[in-house]
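A.B. asks: Take these sequences, add in the hints, and give me the full structure.
Number of protein chains: 4
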Amino acid sequence: MNVGFIGLGSVGAAMSRNLTKAGHDLIVYNRTRSRAEEMQSLGARVADTVSEAAFGVEVLITMLADDRAVQEVIFEPGRAIESLSERSVHISMSTISVDLSRRLAKSHAEKDQNYIAAPVFGRPEAAAAGKLFILSAGPSEPIEKCRCLFASMGQKTFMINEDAPAANLIKLCGNFLTTTVIESLAEGFALMRKAGVDPRKFLEVLTESMFSAPVYKTYGEMIAANKFEPAGFKLPLGFKDNRLLQAAAEEASVPMPMASLMHDRFVAALAQGLGNADWSAIAQVTYKSAGL
Amino acid sequence: MNVGFIGLGSVGAAMSRNLTKAGHDLIVYNRTRSRAEEMQSLGARVADTVSEAAFGVEVLITMLADDRAVQEVIFEPGRAIESLSERSVHISMSTISVDLSRRLAKSHAEKDQNYIAAPVFGRPEAAAAGKLFILSAGPSEPIEKCRCLFASMGQKTFMINEDAPAANLIKLCGNFLTTTVIESLAEGFALMRKAGVDPRKFLEVLTESMFSAPVYKTYGEMIAANKFEPAGFKLPLGFKDNRLLQAAAEEASVPMPMASLMHDRFVAALAQGLGNADWSAIAQVTYKSAGL
Amino acid sequence: MNVGFIGLGSVGAAMSRNLTKAGHDLIVYNRTRSRAEEMQSLGARVADTVSEAAFGVEVLITMLADDRAVQEVIFEPGRAIESLSERSVHISMSTISVDLSRRLAKSHAEKDQNYIAAPVFGRPEAAAAGKLFILSAGPSEPIEKCRCLFASMGQKTFMINEDAPAANLIKLCGNFLTTTVIESLAEGFALMRKAGVDPRKFLEVLTESMFSAPVYKTYGEMIAANKFEPAGFKLPLGFKDNRLLQAAAEEASVPMPMASLMHDRFVAALAQGLGNADWSAIAQVTYKSAGL
Amino acid sequence: MNVGFIGLGSVGAAMSRNLTKAGHDLIVYNRTRSRAEEMQSLGARVADTVSEAAFGVEVLITMLADDRAVQEVIFEPGRAIESLSERSVHISMSTISVDLSRRLAKSHAEKDQNYIAAPVFGRPEAAAAGKLFILSAGPSEPIEKCRCLFASMGQKTFMINEDAPAANLIKLCGNFLTTTVIESLAEGFALMRKAGVDPRKFLEVLTESMFSAPVYKTYGEMIAANKFEPAGFKLPLGFKDNRLLQAAAEEASVPMPMASLMHDRFVAALAQGLGNADWSAIAQVTYKSAGL
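Protein chains in written order, with my numbering: chain A, 803 to 1094; chain B, 803 to 1094; chain C, 803 to 1094; chain D, 803 to 1094.
These aren't lab readings, by the way, just hints derived from the structure by calculation.
Which copy? The list can't say, so a pair holds if one copy fits it or any two copies do.
When the alpha-carbon atoms are kept at most 25 Å apart in a straight line, the in silico BS3-like pairs for lysine-lysine are as follows: (1) Lys913 / Lys947; (2) Lys823 / Lys933; (3) Lys947 / Lys958; (4) Lys908 / Lys996; (5) Lys1003 / Lys947.
C.D. replies: This is the structure in structure tokens:
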């Protein structure tokens, strides 16, 4: 397919590489142009402007850092929404707010464009291996049409429902659950360490019995090793997702004390200088509070 | 082997049945004698007293509700520790405090008896199917000798280390992690419900991606169904384990804010009349606080 | 003095009445005009527009519900900042964000206008009696000039420092402390009630010993009576202030777990239908969680 | 009156001095005898044993560190309850559990002895100045008889009710409220410090307006100065009181999230080496978590 791709961070770059390898015709844009140029050798064209990346494509994929970046790219004067043709599809794969997703759905509909929310689970390694989990929501026909794209990027695509923002809510809530796993492991490991039991023994028991899931294995290893750099997913991005979740919870009037605890952990982590670490470094706040 | 078995609650009864079926020679004791008599048809003998169940056996297994029950059975005048012979083995499979486990290790050692801590993960169904996960810690030779017993009761036996109380600490900490899973799911599901997204769709995404572990499947189903009776593991027992964990954390000077949050949830659940429900009914406290 | 006054809610109306009684020459504006007209009998003039209320006055006082209202009144086209003359003074007495106060300071300075932040402590009764506590911050000369105005509205005016937003931060933090008093009393009273001790006896002990402050007396009475309507200060406004505090704390990277707890209480209160009650009705969330 | 006095810590020593000065005839006992001997110059007799201090006195006052100390002194073989005569009065002024107070009430009643619970608010300086606040509960006639004693030790004596443990509950709950004041001030001061506002200015505003109570003045000064030694009330004792409160709350099924937060603060403070500091040093945990 004829695809525009905006946003070549570590996950976005891997995704666009996999799309190119699968034979799709890509035109890529990145604010820092050098990252886009790396894609040229694989056959992608480089757009000079957002508008160029959106112009005439069947599908525009955005994979950007936050709400502000998406708003800039889509809504600002001379930006994507004006260049996309009728019946084209915008797949927003960034982790953005439920509120912005709602606004995108509305704005694209007004222009007879299709909007799909398709945020992903997976760290850069998973993206590189085409092993992302993709949560797609929106009108079913365009989603059907884009299945081959999803298949090039992920190991599995979930069909949430026809209401695009539902995928964003599930994504944010999944990230919230990941932070609770990090914190619970950090508290447990701190106890093991101070009681003289090897945290890795505890982790082995967990991951070979009731807790045999990737999220425990991946983060358990990092927290047991107490090593959080280089970052696969930077702490300030994790904090941003926590804020978006809290905003959705406030809007729906749902008190979430665990989300509040995670909020406090993120703030403390930044106060303690962990802004460049992986988001799992919130475990260090827990360790330090225990005198470790 | 020649085995005394004390404590025929729903899990203990299943374990003793599996031992009998595997050909071991059991003498069983239960405070409410009728539950012991049910074992007679399977070939077990019924002891009239704790002392009789412990006298002359190679291995004594205890599977009781709490510290007090274990203390009564083992330490009170005329009780098991006096009837066990030298070199016999006491396998304590109950979920008890680290502190009591330490005291048992010491007391049995003074009498030249062997002490193994072997708490289990698994609800009654798992016990019936011989699918428990067993965490064994203590001196390696007796553990080796008891492997065939563990094999009859569980699908996997972990060797923690030679310090028996380490198994109890890991067990308590595993239960703590389970409570955090329950609470995080409850908060997430409350948000889904109020935002109009089917919690089961969210659960499907979780358990087929990063959170593909039994603990999410088992409790996710219960919390999505908002149905917590009949109880597989009663709420007050879960609260007891939370207290034992907090005691261990206090002793080691490890602040565990998530454990404190769970403490508050258990207290609220009891205040709201959920004392007969499964421990996952703490989710209802979360639901109610959100006005659901 | 020649004073424009915008915002005649229950506190603002009382303040403007006291200014008029003290002989100041007021021109008042309120979105709902009828509330402004009530002031006419006291000698105040009624402005048809914000601009009219700001035009030519020596001092403009704003006492509005939230950031949005202040922004609209001051910054929107045809609004106050354009009508105020050079060297006039804007006294912002609303409880607004530190961030907006910073922006006001900057914008007024660019127009050679003076900006004073002077938020207040005190419920409507205190405002009526001229017993507010006023926290003033900003350039000292204009503050000196406005002392007579403050004296007509409050029992005491604090001079914070020359940086206007400092007064807003202190105000928000004072409101935060008030919420912690409400919650701590609610938890204590819940315990007294369930243990069969009269909460009023506990309150008497507190307020006649170490806790002999108005904040304990005022809220203690309300929480003991479990009566939160009519509202002196509506719960959603208290929640707004909690949010503004959390924003300031995030900006400064200060984890405030008590502020997070209060956040959760406000969300729960709204979920449980307490949006029209006094902000101290967060105590009912605590009562309900205890099964009361 | 003829008074036995057991427990000469910093507060107990000051209390017994004031009783002696007021003309009462004291016989004092302290585990570390040297502290008792200091009382001889003031005219008190020194008892060699607990039993001697209790024998034949009209009133026995105990002022000890914790439940265990009180239990030892009163209940162990050869201890006070056996030496006290019928109709004598035991005034328990220590901060003990509601549960132990209940047990004391019952045991003294069985021996036809009177039991009054009369815990106090006040730090050592207040005790020295005879300015304690005394919370008395129990049978009214003996309390009436002991009024002159209370008057020598405190500035005010509250009559709670006829159920002695009620005084202990109120005392524990008062200490809980004090910890919430410490934490709320610490969070607020951390924010002020990082935002460049002098915490003492904030404290001045508080204590001269809505928060004009001794508890804010005393602890506000200490937390602003960030100086927590020498300890007026040691942190581990404050933690003990937190535990006793949580036990009472558990028994009554009252979830108290603020008490849980304070629990975590105490554990963190001990983990961070603050065991010899004043209990208000929990503020340092808050400061450190903010990177201060």
